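*Asks:* The listed protein sequences correspond, in order, to chains A and B. If you read the first sequence in our numbering, its first letter stands for residue 1, the second for the next number, and so on. If you read the second sequence in our numbering, its first letter stands for residue 177, the second for the next number, and so on.
In short, the hints are calculated from the structure, not lab data. Quick caveat: nothing in here was measured; it's all calculated off a predicted structure. Glycine included, C-beta positions come from ideal geometry on N, C-alpha and C. Watch out, some of these pointers could steer you wrong.
What follows is a list of derived Cβ distance ranges for each label pair [unchecked claim]: (1) GLU203/B <-> PRO167/A: 37 to 47 Å; (2) ASP299/B <-> GLU67/A: 22 to 32 Å; (3) ARG227/B <-> PRO96/A: 45 to 55 Å; (4) GLY204/B <-> VAL163/A: 43 to 53 Å; (5) GLU203/B <-> PRO99/A: 50 to 60 Å; (6) PRO93/A <-> ASP282/B: 54 to 64 Å; (7) VAL235/B <-> PRO62/A: 18 to 28 Å; (8) PRO62/A <-> ALA252/B: 32 to 42 Å; (9) ALA66/A <-> GLU203/B: 53 to 63 Å; (10) ALA284/B <-> PRO139/A: 34 to 44 Å; (11) GLY91/A <-> GLY285/B: 48 to 58 Å; (12) THR166/A <-> PRO263/B: 34 to 44 Å; (13) PRO265/B <-> GLU105/A: 43 to 53 Å.
Some, not all, of what chain B presents toward chain A, calculated at C-beta under 7 Å [to be verified]: (14) ALA242; (15) ALA249; (16) VAL305; (17) MET306; (18) THR307; (19) GLY310; (20) ALA313; (21) ALA314; (22) ALA317; (23) SER318; (24) ALA321; (25) CYS322; (26) ALA324; (27) SER325; (28) ALA328.
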Amino acid sequence: MTPSPDHPRPDLETYRGERTPAGPEMSPSRAGRRVPVDALQGALAAEHAAIWVYGVTAAFVPSTLAERLDAAATAHQARRDATERMLIDAGTPPVPPEPGYRTPEPVTDAASALRLAITAETDAAAAWRSVIERSTADPDLRGAALDALTGAAVRAVRWRAAVGGTPLTVPFPGMP
Amino acid sequence: MLTVGATLFLAGPAVLAGCTLPARAPEGPDPLEAPALRAEADAALATGMARSAAHADPVLAAAARALAADRMAHAAALRAELRRARPGPAPHGASPPVAPPPVDPDLAGARSTLTQTVHAAQDEAAGLVMTLPGYRAALLASVAACCASHAALLS
Numbered sequence: 001m002t003p004s005p006d007h008p009r010p011d012l013e014t015y016r017g018e019r020t021p022a023g024p025e026m027s028p029s030r031a032g033r034r035v036p037v038d039a040l041q042g043a044l045a046a047e048h049a050a051i052w053v054y055g056v057t058a059a060f061v062p063s064t065l066a067e068r069l070d071a072a073a074t075a076h077q078a079r080r081d082a083t084e085r086m087l088i089d090a091g092t093p094p095v096p097p098e099p100g101y102r103t104p105e106p107v108t109d110a111a112s113a114l115r116l117a118i119t120a121e122t123d124a125a126a127a128w129r130s131v132i133e134r135s136t137a138d139p140d141l142r143g144a145a146l147d148a149l150t151g152a153a154v155r156a157v158r159w160r161a162a163v164g165g166t167p168l169t170v171p172f173p174g175m176p
Numbered sequence: 177m178l179t180v181g182a183t184l185f186l187a188g189p190a191v192l193a194g195c196t197l198p199a200r201a202p203e204g205p206d207p208l209e210a211p212a213l214r215a216e217a218d219a220a221l222a223t224g225m226a227r228s229a230a231h232a233d234p235v236l237a238a239a240a241r242a243l244a245a246d247r248m249a250h251a252a253a254l255r256a257e258l259r260r261a262r263p264g265p266a267p268h269g270a271s272p273p274v275a276p277p278p279v280d281p282d283l284a285g286a287r288s289t290l291t292q293t294v295h296a297a298q299d300e301a302a303g304l305v306m307t308l309p310g311y312r313a314a315l316l317a318s319v320a321a322c323c324a325s326h327a328a329l330l331s
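Next comes chain A alone, as it looks inside the complex (with noise of 0.2 Å):
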């Protein structure tokens, strides 16, 4: 993954602070449900750039693991897609995804690529997290948001076990 000379694009855990837009916090949605926009758009921005990661790092990660990164990039690009309905819902324009992304640290090995796939998912994890705070008790989407939270954790730990990282586990997924 290459930076964009003309377009030098923020970190993966910086970028999307930028790409959030400024409007209403909570948007009506058309089932009369209020959604928090700007943390939905946060959370689909984090499910872009994993999409893009797990594009990423198929290329460098042994065999006996490309299952289990099919599995992650198909849950991420069905999190995309049901976020995007969300925010069609509420009336608001989904985030597209960058044309690139910049990551931390060049990715040339399958311990690189793996150490970038934990940096998707702990963004994933703090987007979808703040999704929950700043909404209502609402069931369906903060069980949506929980899902979302509790699988970029899980993915987290497993490629920490792949990687041979420790500890494993954090206290607390998606706390910044």
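Given chain A, put chain B in place with the hints provided.
*Replies:* Showing chain B alone in chain A's frame:
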């Protein structure tokens, strides 16, 4: 600047609500009491299991130690929030601490006990995420996700 302004505006009612809390007679135990007790019991259970498995199954012992550390962190965060919401001495009549079950001398049984423990903690926390106010829901969401990640490692 717009974002900061909006945040401050939104924080206003929450701060006011926080100030009025002590004046309102709390009814029943705080909903965070149960997950705090569970986190403390799980930490005790996992600590005991880490000790008894240390020689026979170092991998399980390491998993138990990691779980104990994370559950202790959960207990501390939940207790901090409980104290913030209701300052003063802990109310009488709160549920007694959950006694950790005796550590299973059979290590396969121990792994299964630990797995059931984290699943139960995940379910309890996930249920509370749906109803609690934003900050608390997010805290419990992190607890649930952490427990799920331990369950994945134990499976």
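*Asks:* The structure should be examined with respect to each hint, and the outcome stated for every one.
*Replies:* Hints, one by one, checked against the model:
1. GLU203/B <-> PRO167/A: 37 to 47 Å: holds, 40 Å
2. ASP299/B <-> GLU67/A: 22 to 32 Å: Taking Cβ atoms as reference, ASP299/B and GLU67/A lie about 28 Å apart, which means the hint holds.
3. ARG227/B <-> PRO96/A: 45 to 55 Å: holds, 53 Å
4. GLY204/B <-> VAL163/A: 43 to 53 Å: For VAL163/A against GLY204/B, whose Cβ atoms are near 46 Å apart, the range 43 to 53 Å holds.
5. GLU203/B <-> PRO99/A: 50 to 60 Å: holds, 55 Å
6. PRO93/A <-> ASP282/B: 54 to 64 Å: The hint (54 to 64 Å, Cβ to Cβ) holds, given that PRO93/A and ASP282/B are roughly 58 Å apart.
7. VAL235/B <-> PRO62/A: 18 to 28 Å: Given about 22 Å between the Cβ atoms, the range holds.
8. PRO62/A <-> ALA252/B: 32 to 42 Å: holds, 39 Å
9. ALA66/A <-> GLU203/B: 53 to 63 Å: holds, 54 Å
10. ALA284/B <-> PRO139/A: 34 to 44 Å: holds, 37 Å
11. GLY91/A <-> GLY285/B: 48 to 58 Å: For GLY285/B against GLY91/A, whose Cβ atoms are near 54 Å apart, the range 48 to 58 Å holds.
12. THR166/A <-> PRO263/B: 34 to 44 Å: holds, 38 Å
13. PRO265/B <-> GLU105/A: 43 to 53 Å: holds, 50 Å
14. ALA242: Holds - the Cβ of ALA242/B comes within 7 Å of chain A, reaching about 6 Å at its closest.
15. ALA249: This interface hint holds because 4 Å falls under the 7 Å limit.
16. VAL305: holds, 5 Å
17. MET306: Holds. Min distance 5 Å.
18. THR307: holds, 5 Å
19. GLY310: holds, 5 Å
20. ALA313: Check passed: Cβ of ALA313/B comes within 5 Å of chain A, closer than 7 Å.
21. ALA314: holds, 4 Å
22. ALA317: holds, 5 Å
23. SER318: OK, holds: SER318/B within 7 Å of chain A, min 4 Å.
24. ALA321: Given a least distance of 4 Å, the restraint on ALA321/B holds.
25. CYS322: Where the cut-off is 7 Å and the nearest Cβ of chain A is about 6 Å from CYS322/B, the hint holds.
26. ALA324: This hint holds: ALA324/B lies near chain A, its Cβ roughly 5 Å from the closest one there, short of 7 Å.
27. SER325: holds, 4 Å
28. ALA328: holds, 5 Å
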